[in-house]
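Sequences and hints are given; from them, build the entire structure.
Chains as they are written, first to last, in this note's numbering: chain A, 1 to 173; chain B, 1 to 173.
Hints in this document: simulated from the structure, not taken from any laboratory. A hint or two may mislead.
Identical chains blur together in the list; that is why a pair holds if it fits in one copy or across any two.
Unchecked claim - Result set (SDA-like, lysine to any residue): computed pairs, CA atoms no more than 25 Å apart in a straight line:
1. Lys64 x Ile33
2. Lys64 x Pro18
3. Lys64 x Asp43
4. Lys64 x Asn34
5. Lys64 x Asp166
6. Lys64 x Met137
7. Lys64 x Asp51
8. Lys64 x Gly105
9. Lys64 x Val38
10. Lys64 x Ile96
11. Lys64 x Ala35
12. Lys64 x Arg40
13. Lys64 x Leu6
14. Lys64 x Glu76
15. Lys64 x Asp53
16. Lys64 x Phe30
17. Lys64 x Asp115
Protein chains: 2
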Amino acid sequence: MLKSFLPLERLTAEAFAPFGDIIQTTGNTFHHINACMVERYHDLAPVDVLDGDGRPGISLLVAKPYELPLAVQQLERHPRSSQAFIPLSEQPFLVIVAPPGDTVGIDSLRAFVTDGRQGVNYRRGVWHHVLLAIGEMANFVAIDRIGNGPNCDLFDFAPEIQCWIDIEPSQIK
Amino acid sequence: MLKSFLPLERLTAEAFAPFGDIIQTTGNTFHHINACMVERYHDLAPVDVLDGDGRPGISLLVAKPYELPLAVQQLERHPRSSQAFIPLSEQPFLVIVAPPGDTVGIDSLRAFVTDGRQGVNYRRGVWHHVLLAIGEMANFVAIDRIGNGPNCDLFDFAPEIQCWIDIEPSQIK
Numbered sequence: 001m002l003k004s005f006l007p008l009e010r011l012t013a014e015a016f017a018p019f020g021d022i023i024q025t026t027g028n029t030f031h032h033i034n035a036c037m038v039e040r041y042h043d044l045a046p047v048d049v050l051d052g053d054g055r056p057g058i059s060l061l062v063a064k065p066y067e068l069p070l071a072v073q074q075l076e077r078h079p080r081s082s083q084a085f086i087p088l089s090e091q092p093f094l095v096i097v098a099p100p101g102d103t104v105g106i107d108s109l110r111a112f113v114t115d116g117r118q119g120v121n122y123r124r125g126v127w128h129h130v131l132l133a134i135g136e137m138a139n140f141v142a143i144d145r146i147g148n149g150p151n152c153d154l155f156d157f158a159p160e161i162q163c164w165i166d167i168e169p170s171q172i173k
Numbered sequence: 001m002l003k004s005f006l007p008l009e010r011l012t013a014e015a016f017a018p019f020g021d022i023i024q025t026t027g028n029t030f031h032h033i034n035a036c037m038v039e040r041y042h043d044l045a046p047v048d049v050l051d052g053d054g055r056p057g058i059s060l061l062v063a064k065p066y067e068l069p070l071a072v073q074q075l076e077r078h079p080r081s082s083q084a085f086i087p088l089s090e091q092p093f094l095v096i097v098a099p100p101g102d103t104v105g106i107d108s109l110r111a112f113v114t115d116g117r118q119g120v121n122y123r124r125g126v127w128h129h130v131l132l133a134i135g136e137m138a139n140f141v142a143i144d145r146i147g148n149g150p151n152c153d154l155f156d157f158a159p160e161i162q163c164w165i166d167i168e169p170s171q172i173k
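This is the structure we're talking about:
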């Protein structure tokens with residue numbers, strides 16, 4: 001039995017680049033619209049959902065928080081689409097990812113904590129943990145593919161691999 | 001000179017049905033996902049953005065509040081797409097709309113105030129005021145069409161028509 005803890009990283013565009021995009025104003029440019037009443041941070045993440053009969057959908061998610069520490073036992077990927085989550089409650093959540101591929105190497109896992117405002121857009125095929133709210137109930141908007149056909153592969157870690165995730169309170173804010 | 005005040009209505013799915021959809025959990029059903037950790041309010045508003053070379057885009061908007069009372073002088077419509085706005089700050093905003101058509105009759109104007117959590121999706125061709133934050137700075141996610149070609153028609157009310165909007169504090173919460 002190998003029990004290890006994943007290091008938890010702050011979510012930055014550079015660190016997350018292999019996996020997708022961060023939906024945030026920080027570090028991005030805007031242009032003014034509506035007679036300068038609004039700053040528009042334009043087209044922050046590719047919505048890649050049209051494969052097959054796919055179309056984009058807007059859904060709301062109400063997420064229960066996970067207890068920490070948490071064992072990472074399963075990841076999923078969407079072979080036909082991207083998937084975006086944007087928080088509607090200003091609270092951090094956890095983002096656990098691994099690069100696209102037929103399998104997931106435990107050494108390729110990365111774990112991030114958001115700053116409370118950041119959303120993420122997982123690129124098609126990127127392995128990721130299901131939505132990981134922490135602390136309290138949290139609401140999200142999801143922008144993903146509505147369509148027929150299988151679009152979710154699961155990867156289960158072998159039982160002897162125990163990769164845990166925890167968070168230091170100082171990392172949340 | 002005709003100066004009148006628009007009645008301000010609470011935003012409900014029924015009242016807004018001629019213009020689009022409300023993106024909200026209230027009154028909608030969900031199904032559980034992620035081993036019952038998440039309630040998914042699925043596919044709440046049609047994203048109609050593929051006309052021409054259109055594709056869906058996710059943008060963030062940082063909106064200055066308007067001073068009230070406000071004269072409604074101009075509306076816009078998007079002939080090629082829907083447009084969704086979901087608030088990231090829990091504050092009400094105003095939604096002023098008129099039915100699709102070649103022109104806007106002042107008598108067809110409707111004005112709504114959101115409950116602070118509701119988002120809206122304007123149906124293609126629906127006349128609407130630009131984003132109307134009130135009170136304080138407010139952040140929104142916008143899901144709309146990225147693509148070439150003209151996609152914004154403007155309608156200017158004649159100068160002698162002055163249709164005003166105001167809000168009673170009791171209507172905000």
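Any hints from earlier that this structure breaks? Give me their numbers in increasing order, please. Hints 2, 7, 8, 15 not satisfied by this model.
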